[in-house]
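> Chains A and B supply the protein sequences, listed in that same order. Per the numbering used here, residue 96 is the first one in the first sequence, and the count goes up by one each step. Per the numbering used here, residue 96 is the first one in the second sequence, and the count goes up by one each step.
The set of hints was computed from the structure by calculation and includes no laboratory data. A hint or two may mislead.
[Stated by the list, open to error] Derived pair list, reagent style DSS-like, types lysine-lysine, alpha-carbon separation capped at 30 angstroms:
| no. | chain 1 | residue 1 | chain 2 | residue 2 |
| --- | --- | --- | --- | --- |
| 1 | A | Lys307 | B | Lys307 |
| 2 | A | Lys489 | A | Lys461 |
| 3 | B | Lys307 | A | Lys335 |
| 4 | A | Lys129 | B | Lys461 |
Protein chains: 2
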Amino acid sequence: MSNTAPSTDTESARLKPMANAIRALAMDAVEQAKSGHPGMPMGMADAATVLWAKHLKFDPADPNWPDRDRFVLSAGHGSMLIYALLHLTGFADVTLDEIRNFRQLGSKTPGHPEFGHTTGVETTTGPLGQGISTAVGMALAERMANARFGDELVDHRTWVIASDGDLQEGISHEAISLAGHLKLNRLVVLWDDNEISIDGSTELSESTDVMKRFEAAGWATSRVNGHDMAAVDAALEAAKTSDKPVLIACRTTIGFGAPTKAGKSSSHGAPLGADEIIGTREALAWDHVPFDIPAAIRADWAAAALRGERERGEWLARLNQSEHKRDFERALSRSAPASVFEALAAYRKALATEKPNLASRAASGKTLEVMVPAMPSLAGGSADLTGSNLTKVKEQPLVTATDYSGSYIHFGVREHGMAACANGMALHGGVRPYVGTFLVFADYCRPAIRLGALMEQPVVYVFTHDSIGLGEDGPTHQPVEHLASLRAMPNVKVFRPADAMETAECWELALKNDTGPSILALSRQTLPFQRTDDGSENLSARGAYVLKSADSPKGVIIATGSEVAIAVKAAEALASKGVPVNVVSAPSLELFAAQNKAYRDSVLPQDLPRVAVEAAARYGWDAFIGVDGGFVGMTGFGASAPINDLYTHFGITADAVAEEMLARV
Amino acid sequence: MSNTAPSTDTESARLKPMANAIRALAMDAVEQAKSGHPGMPMGMADAATVLWAKHLKFDPADPNWPDRDRFVLSAGHGSMLIYALLHLTGFADVTLDEIRNFRQLGSKTPGHPEFGHTTGVETTTGPLGQGISTAVGMALAERMANARFGDELVDHRTWVIASDGDLQEGISHEAISLAGHLKLNRLVVLWDDNEISIDGSTELSESTDVMKRFEAAGWATSRVNGHDMAAVDAALEAAKTSDKPVLIACRTTIGFGAPTKAGKSSSHGAPLGADEIIGTREALAWDHVPFDIPAAIRADWAAAALRGERERGEWLARLNQSEHKRDFERALSRSAPASVFEALAAYRKALATEKPNLASRAASGKTLEVMVPAMPSLAGGSADLTGSNLTKVKEQPLVTATDYSGSYIHFGVREHGMAACANGMALHGGVRPYVGTFLVFADYCRPAIRLGALMEQPVVYVFTHDSIGLGEDGPTHQPVEHLASLRAMPNVKVFRPADAMETAECWELALKNDTGPSILALSRQTLPFQRTDDGSENLSARGAYVLKSADSPKGVIIATGSEVAIAVKAAEALASKGVPVNVVSAPSLELFAAQNKAYRDSVLPQDLPRVAVEAAARYGWDAFIGVDGGFVGMTGFGASAPINDLYTHFGITADAVAEEMLARV
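Chain A extracted, bound-state conformation:
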């Protein structure tokens, strides 16, 4: 697509003013907002101009063209760089007014780039390390879709601009080692090697040989002067033929052009100030008022933006003639196909008959056996706990560096990178990711889960070993506060199914949740089958429901997951003492809270005493049981012992639940 000849001096003469337009917009927008980060856009303007004007495959007329290159500004604080690029190349969202409204309420130009808010932004960035790691997922999804649909439909690259901070973050290690292992050669990272961090020179905290580090991880590397546009051009061109992911170190000057702040941390995160801006205009010979871009420069950018039009037309023609068209479009659809819900419906009916007693992690594994064959875009993995999470379907082919046609990924012990990678896969499309680890290690994934929630990405987390029920591994591996901390996060749905039927139901609800992460909290230990219905209605869909109904109940016991069995036992004991109570199973408190008041009151009548049992912290439960409600659970960390000893030791027993109820009726 691109002009593959190296840049000439003439070409640089055309490109330099295009880069200066980015610098001007960045410094003027930050100045107007009295807030923002001018240094990085000014430093990387040259390299970004070469990338966008000569290499990036995109067409502003269809920002969602599936075969476009993905551009990830991992250093999201430099958001004016991408806004300037989107504006100058004609993305409809980013008008000059929006640039003027940088960082204002409701503008398309928020402080950090937000996916879903501004068309053309491929992923939300800002929390460092996330962009580069999400990009690995995009590059992986590209190769997986390529393996399925061929070069004709899927043949694009993922380009990243990353900062020193991105590379200091631990998640970058997980991401680059995974990318190197999987030989994701369609991934190119431009490292803004400006030797400046917020605290000052990177020498204050960093001595790593970054090139060697990436080479150790299996990457190809090169180094350029980031202001030498011909050199950048040549490096980008060379990157396209690599058989490994590529790091291009771009030595730049932060705040390039600013007379006294260039090369200093003072240009990083604050407006330059009026005097400095005057000086910058002089230094760059930029003789235009704020937000004024000369027509000739606009024309050059417009011409660059047209590069993708023809290629997109050709691609569309190929798509329309492709035998894969229907499958391709179905894979790109965010909604899971009807086939998988049909398979699940049949499976639930079978469960109602078989009534198997299964650990919910095992039930999840069985549900995957049903779903994976019925949903080709479903792709999973685990952070080196495959046999514990039961995330791999028998015979599910692996994704490897030599064959991307599989649908199972051994992520290694890289929980955080895995979660970001899953975000990237979901953002890219064509695959619908689910990933597994122990629930306690949700903490390792948390920043990426949060970004997925913010971006409304449908990643399913299979978090097994969800309580002290995991037994001997002890308190380091026993989640206590994790359910609460995940329920507290906006736009996350937490599911904790009580038996094999609820597990199938919760998986169905997770697949139907197209607008955010779903968490499945699953037991290590075997759980008795609880349900007596025929499996035709998804009872978990309302979040909580009356599992065992008593005549004239005097109270309600509400439980989740593995503790539902304890609640049922407690209810039986109470019944024998003449105290009939209902048992409510609550696989998803978020879904229950979203029901109307009439339903909620029918399940948890306000005038009946309520006791909850969950082998976790009470934190958050008062909203359902009231301040005076009873709670049987954990008040501190767990301990190492066989499961039954632990439940007894921590007093999470049917007797304790019954006692709490008896104290209230």
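Assemble chain B onto chain A, guided by the hints.
Chain B in isolation, oriented as in the chain A frame:
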């Protein structure tokens, strides 16, 4: 101390049976428990034996000898390795009965090694990557204490055994790059390079050139056959003269000795089984019944354990003659010195007069100006947000690779590594760490915060920019659920002070909290001074208190941090409408919940309607305001805009609070 001559064949002949004793104990204890990880202890038994028998400086007679070497089993799942070592070297906690009780309730031999539970365990491990990162903090604290007290009192090493999984975790990148930057040459990591992870061969997920990776991070590296004890011995000896941290790759066979499971993931995380154990006994020529260690081998271990006795005696003599004795012992004491509390008391009196309006982050900075000079062991840092967190006191000297005598550390953008490092510093002793980043990035630190809570380590987290009040940086940087998720964690105290006085009080409480992490959630924005008392009593100590008292109040508004000012305004508005209400400031909900019922009821009378205001999620607040209580806060993610626009946009205003109250009186 150690015999510095390389091992001879004769020596290996003595050491091999000592290592086999570890193997036998490991496989037999796991078998008895029917749970555990025999493979790693059996694989690393040889290297660990060389380390403990010849190099590690320790004396079982005083496990807390301050100048002992620290041994960190980062691969904590191999806990039987350290239990066997502690047992064989005569640590009182780990008797043979305790070994027999491996992984049983209340035993000293839980599934993963737990600091504080088993003497001789230097840090709790299990969550991968934490041990090696915590060890960096220990090695740093050693150098800092050495700089202060000299070689005579502080001159020891930190030895780590780390697994493939430890090195895959992102936190290991942060830790090793920091260690390399700071040239922590007293840190030696033995990498158990067994080429096996849980999912199978490490080839499934890993292609990194680990040696090159560590060299890129500024480490010295060497490689040995981990079963060649002379080679291990030589490598350990060589490591002692390095001017950089040292990685020793020990190529081992997981489950060494097991006839069919050695070298396979099947030996990793499950008992070997009776037949395999019989075969292992044959292969190792270990002709003893389970848990029986021949007297000769016991004697060899006992002799090895005696190596430290003389050296400790000499050290004690030096301590008793040292001019630093008093300061040294004071620095080692977990309790903060009286001097700092005296300084704080004077500062609080001054505040009561000055009544400054300050952002609580600025108030924290001013409090640090008071504390740092009064407490020499106080050492801080930030993850590259020094000027934003205001964690550095003017003229506070830096800790650098060439001079460890400072007390401020530029951690770089390494939040997770920083938190683990702080745990290690606290565990080591001699320094009392505080570390800073934005509150939203508490998520990056979370696994380490949790371990600190479990280990009861007094790390203070200075988490600034604690709400949408940070403004333009937008939702990626605006915590919403973080207060809830931290409050849900056992043994963590969360403080959110409302003004400069409460900030000083909360810092005082944080310093007094010797048994777990303290979180200071601090505002970016300026907060009006609220207090009218003379500053002599720490009102924050009870968690919540009546800040503004009304005659015959008809309701109570409860608020934290920056929203206390909104609560005060709402109360004024309500008063003008004839609805007198109390205003409660609640800087710590944990401390408040720990008060007796009479006090709690006096602050939040059960019969008065309650409205809470906090620019965060409601999750968890029902416990204080009741299900019917009013709440003004966030219901989803934030947005990018100037602060005032955001508070208005999200309806966190005095008007909204007043309305919630009016609807309830």
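> Each hint should be assessed against the structure and marked as holding or not.
Hints, verified against the model:
1. Lys307(A) to Lys307(B): 7 angstroms, holds
2. Lys489(A) to Lys461(A): Distance of about 10 angstroms is within 30 angstroms: holds.
3. Lys307(B) to Lys335(A): Holds: lysine 307(B) and lysine 335(A) sit about 25 angstroms apart, inside 30 angstroms.
4. Lys129(A) to Lys461(B): 26 angstroms, holds
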